[in-house]
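Peer 1: Just so you know, the protein sequences line up as chains A and B, in that order.
Count the first sequence with the numbering used here and you get residues 1 to 87, in order.
Count the second sequence with the numbering used here and you get residues 1 to 389, in order.
No farther apart than 27 Å at their CA atoms in a straight line, the calculated lysine-lysine pairs in the DSSO-like style are these:
{"#": "1", "chain 1": "B", "residue 1": "Lys33", "chain 2": "A", "residue 2": "Lys48"}
{"#": "2", "chain 1": "B", "residue 1": "Lys260", "chain 2": "B", "residue 2": "Lys317"}
{"#": "3", "chain 1": "B", "residue 1": "Lys42", "chain 2": "A", "residue 2": "Lys76"}
Hints listed in this document are in silico derivations from the structure and should not be mistaken for laboratory results.
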Amino acid sequence: MTESKNKPPKQLPLGFRLEAERSRRGLSITVCGVVSIVDLSCETVILKTHGGKISFVGKRLSVKVFEHSTVEISGKVEDIRFDFGKN
Amino acid sequence: MTLERIDCLIFGYRRIEIPEADLAGATTRLLLKGIPIIINGKGSFTVRERDAEAMRSALSGVEYTESERLGLLGKIKSFRHKIALALGLIASLMIIILSSSIVWDVRIEGNERLTDAAIRRELEECGFSVGTSWIRADKSEIEARVLSDSADIGWININRRGTVAYVKVIEKEIIDAPKEDAELGYSNIVATADCIIEEITVTKGQAAVKVGDVVRAGDVLILGALPESSGGGLCSADGTVRGRVSDTVSVEVSREYEKKINAKTHINEIELNFFGFDLNIFKNYGNLPEDCDIIEEIRTFSLFGRCALPLSLSVTKGENYEIEITEYTDSQLVSVALSRLREKTHGLLSGCDLLRIRTDGEFTDSGYISRNYLTYIRDVGVKVPLSSE
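Using the sequences plus the hints, can you model the full thing?
Peer 2: Written as structure tokens, this is what we have:
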């Protein structure tokens, strides 16, 4: 018997998860499903996720990287922008 | 998230310096490998010591600077060649712990008759003294042993404050055994004053008077003889007899009296007591004049009126005085006489029931006499041994 050649395509995880809460430094945002970190500075953090690009703009931003593709951004976040579907 | 930092501090971490342009790429690599990092600022991040090896392999080909191992374990590791220092720290810690578990001083409180040395000897015989380990000493057992072994200590309590043992004791009271009526093998109870019998209670013997009888001093009140129904014979009479007594108390006060006039006060000695040690600050050597009152003032100090400080100041002063003969005025004379009469009457009426009191007074050539006419009820019986005559 031969194996079926038509395997179903590997399902890629879609989207991302974002949680935010007030913290001592301003805002603490946890993003799950991060694929890569595009840009990193005290004023701008740009993340690429499965669902698209997310940009965080603010002041005194700090970043922590955790396991399972999780990133935490904390600081005075002033603007969050989503670019859906763009790589 | 603070736990992350505590984890780093305790188990160690490394600080990585990387060019800013490569930071995003490097962190992406670490993100994909699942290596947690904390980005500190421009071109710098912190990685846990246990993830350092994985970080090195993830960042192969990237230029970065890695610090030495930081955090508590890192510091400890840096002392690995300084064994003597570590041993010294451990040894000193052990000495501090062990020395605080030993009794360094025993302080005795509450003793009046017994000396401190005698009490310390009793404690030593029961296994408690300077040098005893607090951990091994069973205070309850030691207290119980002291109470059972000592003939003089009625109560004892051992308290620990730091390395000092505070031992509080209450001594047994010595009560003189009542004198047996050896020489009063047999006795009567007789009246001590002229009175009218108000109450009579016989516990042994036979009543010779009854309520309402008028008796004179010396009359037998309770006979030291057992009733025929009890077999007869002599005994030591026992009981209480209370009688109504009339009495007069008088006081005479002379108009002239000596008045002390303080002429001069001078400080003789100043002493400071600090933690039980006397420190002499000033002393005036020399004989004091005869007509001089010596007054010692001791001043103690406390913290906000609550906690007494182990500090006191003693000032001894000599007050020279002169004697001046002066006279009371009439009103002063009466006031002094009444005051003294009140004191004298109070002493007399102690333990009595006062029924009536009348006061009068009169001026005399030399002063003033004040009198109290009293009627009161008191115990009037006293034991008198039967004579063989």
